[in-house]
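J.: Sequence:
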Amino acid sequence: MITNAKLSEIFDEMAVLLTFDDGNPFRIRAYQKAVQIIGGLPREAGELSGEDLTRIEGIGKGIASHISEILKTGTLQELQALRSKVPEGLLALARVPGMGPKRARRLYYDDKIHGLEQLQKAAEAGRLRDLPGFGAKLEENILKGIRLAVKASERMLYWEAKLLAQKLLKELGACPGIAEIVPAGSLRRGAETVGDLDILCTARDGARAVEFFTRMPGVERVLAAGATKAAVWLKAQIQCDFRVVPPESFGAALQYFTGSKEHNVALRELAVKQGYSLNEYGLFKSGDAGHKKPLAGRTEEEIYSRLGLSWIAPELRECRGEIAAAQRGSLPDLVELKDVRGDFHNHTRYTDGRDSLEDMVLGARSRGWEWTAIGDHSQSLKVAHGLSPRRLQETIEELRGLQKKHKDIRLMRSMEVDILKDGALDYADEVLASIDVVIGSVHTAFKLPEEEMTRRIQKAAANPHLDILGHLSGRLIGRREAYAFDAGKVFAQAARMQTAVEINGQPQRQDLSDTAARMAAEGGVTLAVTTDAHSAAQLEYMAAAVTIARRAGLEKKHILNCLTYDELKRWLERHE
DNA sequence: GCCGTTTTCGGCCCGACTGTTTTCAGTCG
3 MITNAKLSEI FDEMAVLLTF DDGNPFRIRA YQKAVQIIGG LPREAGELSG EDLTRIEGIG
63 KGIASHISEI LKTGTLQELQ ALRSKVPEGL LALARVPGMG PKRARRLYYD DKIHGLEQLQ
123 KAAEAGRLRD LPGFGAKLEE NILKGIRLAV KASERMLYWE AKLLAQKLLK ELGACPGIAE
183 IVPAGSLRRG AETVGDLDIL CTARDGARAV EFFTRMPGVE RVLAAGATKA AVWLKAQIQC
243 DFRVVPPESF GAALQYFTGS KEHNVALREL AVKQGYSLNE YGLFKSGDAG HKKPLAGRTE
303 EEIYSRLGLS WIAPELRECR GEIAAAQRGS LPDLVELKDV RGDFHNHTRY TDGRDSLEDM
363 VLGARSRGWE WTAIGDHSQS LKVAHGLSPR RLQETIEELR GLQKKHKDIR LMRSMEVDIL
423 KDGALDYADE VLASIDVVIG SVHTAFKLPE EEMTRRIQKA AANPHLDILG HLSGRLIGRR
483 EAYAFDAGKV FAQAARMQTA VEINGQPQRQ DLSDTAARMA AEGGVTLAVT TDAHSAAQLE
543 YMAAAVTIAR RAGLEKKHIL NCLTYDELKR WLERHE
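Numbering (the numbering used here) for the first sequence: 3 to 578.
The calculated DSSO-like cross-link candidates involving lysine-lysine, where the alpha carbons are at most 30 Å apart (straight line), are:
hint : residue 1 : residue 2
1    : K409      : K340
2    : K63       : K8
3    : K263      : K294
4    : K104      : K8
5    : K104      : K35
FRET-style restraints, in silico, Cβ to Cβ:
hint : residue 1 : residue 2 : range
6    : G62       : A426      : 46 to 52 Å
7    : A486      : Q122      : 38 to 44 Å
8    : K139      : E222      : 15 to 21 Å
9    : E126      : E222      : 18 to 24 Å
Bear in mind the hints are in silico, worked out from the structure with no lab data behind them. For each residue, glycine too, the CB sits at the ideal point set by N, CA and C.
Please build the complete structure, drawing on both the sequences and the hints.
T.: The structure is reproduced here in structure tokens:
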């Protein structure tokens, strides 16, 4: 089965290769837009007819026929042709920061520089500076850029970026004259990884704010600095872009700087159709931009409203149909962190966690949760000191004691039970029956063939004791690929059995992904947001899990954690 | 490649910064 992710990947490669071959930027944009749209479809494109596909805005006859070709042959003839036309060395040149397709093409074809090594040698020998359009300064920047090329392509995990941004914001708060400071960009949209940090602030004296920013202790190198914006390379090994606008433009700038780029392009096109022009300073009557007062700009709401749209939450701004939904007034009422009443999945020091059962209780209580389930690993996961049935019963007794002591939160025992290679769960049914919330996860035998893995998980989900399927794809971002399985079949089984599927908030997991979670919900599956915390402090990962749920467009009604204790108890007894 | 209550052809978002330039191309977001 060709997944939407695979289709997106192919169209993304098309867009990249066309940048070096075609010269028609609008065709490239059409592919980039298709990447976003297909990546966010709530169903597999492979299940849709050609007619269904072309009804989607941004998908026309061309892309639809490409999709059908990919479904039939696994690839695109045109892509194969482009691959043989655009050499890998050319792509490598263009990945150097400051080099784009034009300069890379020139160097590759006219000056026979066929890779990074040759580029570095040419720059070091001073051979670039005399080429037309190049100069000594550019040569120097290219040399610096080569060293950055690899690092700059690495992306930072959402949570890591969030903590880093918080630190920077605090430091920037000391700059006199800065009023508001907020993170924007992919971090504000809650993307699972972040390529660079974007920080927006309001100040009358932009140059002064920029100077303060570029001199912060966390800055390793200044890449660019002007009167209203700057870009730096941080010691934390990530780029940070900084933008200053006057207060009356704050909303417009926040909207612009939050992106995504595709969302912004679509929004500006809509503005043009309505006789306006939209930029980071505000919404203007067509032709007035730059010399008249904007019609809207102080807040994001003003701008969306003036365009006939309800305000769109940043997590949804990926050009996946959110603008049309905002026009219809049918945007989802997204779940919020405050709607969450407790956690299901975490670990104590009985297995591989750091804190005691009671520490976890206190952590949950300090978050204002109404209830919480506290978990551990099951017996076969020896590396994590999984609990034998006897040890498990002891911890259940201990939790009962804690319940008497802490009466303002309802406590449940959960367990992350291994799904064994044959799909059986790691405890006998009578043991499972003594656990309040049973989470089933795959921790072993990742390399099973797709069909076998699918059957394995389906079998586990068929066990009426199983409440939640844990970190379903098994991926670790940047470290381990998801294992092969048919998510559609598993979701169908989960929907039939009323088994919930987890959205795991651990920074490296973020599993389900936003798009998979959306697909699950469309298939009638209930989702559970969890922290997978290995310490009481890590219960804060709930915010990350909720962010994924929001990006998936989920509402309270989709999320198991939004049930009251009594409602949850009834849900847990659904098979009895 | 997509799209159309002006259009099936001819449009297609907008601005900042840099470096190499005497007015702008390239890159980036």
